[in-house]
Amino acid sequence: MSGAGDTISQRVEEIYRTESRRVLATLIRLLGDFDLAEEALQNAFAAAVAAWPRDGVPQNPRAWLVSAGRFKAVDMLRRRARFDAVERELANALESTTVDEASPPELDDDRLRLIFVCCHPALPPDSQLALTLREVCGLRTEEIARAFLTTPPTVAQRIVRAKSKIRDAKIPYEVPALAELHERLEIVLHVIYLIFNEGYSASSGASLTRSDLTLEAIRLARLLAALLPQPDSEATGLLALMLLQQSRQAARTSADGELVLLEDQDRSRWNRDQIAEGVALVRKALATRNFGAYTLQAAIAAIHAQAPNSAATDWSEITGLYDLLKKVDPSPVVELNRAVAVAMRDGEVAGLELIDRLLAAGELDNYPFAHAGRAELLRRLGRNEEARRSYERALALMGQEPERRFLGRRLRELGAPDSPRDG
Amino acid sequence: MKYLCLVYTEEAKLAALSDQEFAQLDRDSLAYDNEMREAGHFVVAHALQSVDSATTLRVRKNKLSATDGPFAETKEQLCGFVLIAAKDLNEAIRVASKIPSARVGSVEVRPVRELAEHEPWDKRG
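If you're matching them up, the sequences are chains S and F in order. Numbered according to our numbering, the first sequence terminates at residue 838, and the numbering increases by one at each position without gaps. Numbered according to our numbering, the second sequence terminates at residue 357, and the numbering increases by one at each position without gaps.
FYI, nobody ran anything at the bench for these hints, they're computed from the structure. It should be emphasised that the depicted structure is a prediction, and the values quoted were computed from it without experimental measurement. Any given hint might turn out to be false.
As the list claims (entries may be wrong) - Simulated pairs of lysine to aspartate or glutamate, EDC-like, Cα-Cα distance not exceeding 16 Å:
hint: 1; chain 1: S; residue 1: K578; chain 2: S; residue 2: E595
hint: 2; chain 1: F; residue 1: K330; chain 2: F; residue 2: E270
hint: 3; chain 1: S; residue 1: K487; chain 2: S; residue 2: E453
hint: 4; chain 1: F; residue 1: K319; chain 2: F; residue 2: E346
hint: 5; chain 1: F; residue 1: K319; chain 2: S; residue 2: D583
hint: 6; chain 1: S; residue 1: K578; chain 2: S; residue 2: E453
hint: 7; chain 1: F; residue 1: K330; chain 2: F; residue 2: D265
hint: 8; chain 1: F; residue 1: K234; chain 2: F; residue 2: E340
hint: 9; chain 1: F; residue 1: K319; chain 2: S; residue 2: E589
hint: 10; chain 1: F; residue 1: K307; chain 2: F; residue 2: E323
hint: 11; chain 1: F; residue 1: K234; chain 2: S; residue 2: D583
hint: 12; chain 1: F; residue 1: K330; chain 2: S; residue 2: E595
hint: 13; chain 1: F; residue 1: K330; chain 2: F; residue 2: E267
hint: 14; chain 1: S; residue 1: K487; chain 2: S; residue 2: D541
hint: 15; chain 1: S; residue 1: K585; chain 2: F; residue 2: E323
hint: 16; chain 1: S; residue 1: K585; chain 2: F; residue 2: D320
hint: 17; chain 1: F; residue 1: K234; chain 2: F; residue 2: E346
hint: 18; chain 1: S; residue 1: K578; chain 2: S; residue 2: D448
hint: 19; chain 1: S; residue 1: K487; chain 2: S; residue 2: E510
hint: 20; chain 1: S; residue 1: K578; chain 2: S; residue 2: D541
hint: 21; chain 1: S; residue 1: K580; chain 2: F; residue 2: E340
hint: 22; chain 1: S; residue 1: K578; chain 2: S; residue 2: E678
hint: 23; chain 1: S; residue 1: K585; chain 2: F; residue 2: E346
hint: 24; chain 1: F; residue 1: K245; chain 2: F; residue 2: E308
hint: 25; chain 1: S; residue 1: K578; chain 2: F; residue 2: D260
hint: 26; chain 1: F; residue 1: K234; chain 2: F; residue 2: E323
hint: 27; chain 1: F; residue 1: K330; chain 2: F; residue 2: D260
hint: 28; chain 1: F; residue 1: K330; chain 2: F; residue 2: D284
hint: 29; chain 1: F; residue 1: K234; chain 2: F; residue 2: D320
hint: 30; chain 1: S; residue 1: K580; chain 2: F; residue 2: D284
Could you put together the complete structure from these sequences and hints?
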């Protein structure tokens, strides 16, 4: 008995992991209320734990759970102290409608709807992130707080406010109409990329990566790519970009947690499966001829990923891609990256000239990587005193611990300054 | 569901329009009112006189004070409103985004809170 029970509870746990977000998405659509749906989901699983050891795991557990959740919600609504006319109507409607719970496409549409609700432009960006991680990915409030270096009450408050706004302003549970899809998809892709970046390059804090977030972002992008009514080149491009960046994960930090520059990385430790998948996706996105910034960045990452080493990298091609990127998505950071590529193609002096021009324009003056890049080129040119000043400026601006340690190491390697200082 | 679309503009920008442009904006606004009416979204809409013509009232301890104003710190002032009916926020955004004066200012879309007979203890935020 206990042996069979254990297997069943393992099955329930496994089904919870794989199905609970899908079931929740459908319950939110049916109930029109996030909190009620959460509660109904928990009750449905509690019912499963009670019923399945006795009756066996149903043929279609997902449909069973949606159905159980729906009836639990009816019970909950009727038990509410203030059971008003609106709730009575909802309870009756829930009881009488026959929902086609078994049809998987419908359930997948619900997950897509949920993504678009969580990333609705009427919600503030912080809430979009928190709500997406909570409702679509199923992360706990504490996990989200830890990932974004904030407190659980702050995250909880963002989520509560977002849910209130969804209810009060009546944000619909729908995939946007085709006319609006592109614009709305942009926000979704942006949210996914923010989640990825927060994991990949934490803006501050001790650890360089929080790989849970990068993996969640990749999972989300896959889900999105699979669910969209028609393929979108930028959704494909974003997935490719994240896979290609993630492929370097193991080589980005040394055994003792120190940052390793791209050119110094042990490329045998790059993840070949992720590279192969990423490169294939880039080709697919480029072939649409209707691509944007994510695809171009992915194309650049693909060139790096396929090069045997830094010297053998096709820097001309990379510079050309940055030229395109500059047109699609002009920004001083893109210009900076282009300047580095130019330095690799034409030599340090050419790159330095471009970076100095960018710094003179003022926009990058507080951007640590601009000073770090300048310092690196000066160091290679043997202009150590200027290099030191730029490293110091970069260090003063940098928030990430591993990056700070890297800059500190470079400064030490340059040796003592010409005029030694106290301390 | 009803949504109040509050149209804000910089009055200086409005004043800077040529007579022709101003007349065109009026014509476009009236035409869009009709379009919304035919689609069943229109409840009521009005443009407002300049904020210079406004009076602000306060009643404190049963005493009325009336002052010139508002003295808005913000650059944009309320210059008109459209009350619309829409099934949800997405539809409201679709309707409100075509309000002609959105081209010179901004439109704040606010869901209307229907007042109901409340129990004395029932306070909603």
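Hint check results:
Taking the CA atoms of K578(S) and E595(S), the gap is near 22 Å; set against the 16 Å cutoff, the hint is violated. At most 16 Å may separate the alpha-carbon atoms for a hinted pair to count; K330(F) and E270(F) meet this at roughly 15 Å. Pair hint K487(S) plus E453(S) holds up; C-alpha atoms about 11 Å apart against a cutoff of 16 Å. Between K319(F) and E346(F) the alpha-carbon distance is near 15 Å, which keeps this suggested pair within the 16 Å criterion.
A distance of roughly 13 Å separates the Cα atoms of K319(F) and D583(S); the hinted pair therefore holds under the 16 Å criterion. A threshold of 16 Å between alpha carbons decides the hint, and for K578(S) with E453(S) the separation of about 12 Å falls inside it, so the pair holds. Pair hint K330(F) plus D265(F) holds up; C-alpha atoms about 10 Å apart against a cutoff of 16 Å. Under the criterion of a C-alpha separation no larger than 16 Å, the hint pairing K234(F) with E340(F) is consistent with the structure, at around 13 Å.
With a C-alpha separation of about 12 Å, the suggested pair K319(F) and E589(S) falls inside the 16 Å cut-off, and the hint holds. Between K307(F) and E323(F) the CA atoms are separated by roughly 29 Å; this puts the pair beyond 16 Å, and the hint is violated. At most 16 Å may separate the alpha-carbon atoms for a hinted pair to count; K234(F) and D583(S) meet this at roughly 11 Å. At most 16 Å may separate the alpha-carbon atoms for a hinted pair to count; K330(F) and E595(S) meet this at roughly 14 Å.
Taking the CA atoms of K330(F) and E267(F), the gap is about 10 Å. The hint holds against a cut of 16 Å. This hinted pair does not check out: K487(S) and D541(S) have alpha carbons roughly 32 Å apart, beyond 16 Å. Straight-line distance between C-alpha atoms of K585(S) and E323(F) comes to about 10 Å, which keeps the hinted pair within the 16 Å bound. With a CA separation close to 5 Å, the supplied pair K585(S) and D320(F) stays within the 16 Å bound.
At most 16 Å may separate the alpha-carbon atoms for a hinted pair to count; K234(F) and E346(F) meet this at roughly 9 Å. Restraint check: the Cα-Cα separation between K578(S) and D448(S) comes to about 8 Å, which is no more than 16 Å; the hinted pair holds. Straight-line distance between C-alpha atoms of K487(S) and E510(S) comes to about 10 Å, which keeps the hinted pair within the 16 Å bound. Only pairs whose Cα atoms come within 16 Å are accepted, and K578(S) paired with D541(S) is accepted, the gap being roughly 13 Å.
Note on K580(S) and E340(F): the hinted pairing holds, with a Cα-Cα distance of about 15 Å set against a maximum of 16 Å. For the hint linking K578(S) to E678(S), the alpha-carbon distance of about 46 Å lies beyond 16 Å, and the restraint is violated. For the suggested pair K585(S) and E346(F), the alpha carbons sit about 13 Å apart, so the restraint of at most 16 Å is met. For the hint pairing K245(F) with E308(F), the CA-to-CA distance comes to about 10 Å; that is within 16 Å, so the pair holds.
At most 16 Å may separate the alpha-carbon atoms for a hinted pair to count; K578(S) and D260(F) exceed this at roughly 37 Å. Taking the CA atoms of K234(F) and E323(F), the gap is near 11 Å; set against the 16 Å cutoff, the hint holds. Distance hint between K330(F) and D260(F) is fulfilled; the C-alpha atoms sit about 10 Å from each other, no more than 16 Å. Under the criterion of a C-alpha separation no larger than 16 Å, the hint pairing K330(F) with D284(F) is inconsistent with the structure, at around 27 Å.
Between K234(F) and D320(F), the direct Cα distance comes to roughly 9 Å. Compliance with the 16 Å bound is thereby established for this hinted pair. Between K580(S) and D284(F) the alpha-carbon distance is near 34 Å, which puts this suggested pair outside the 16 Å criterion.
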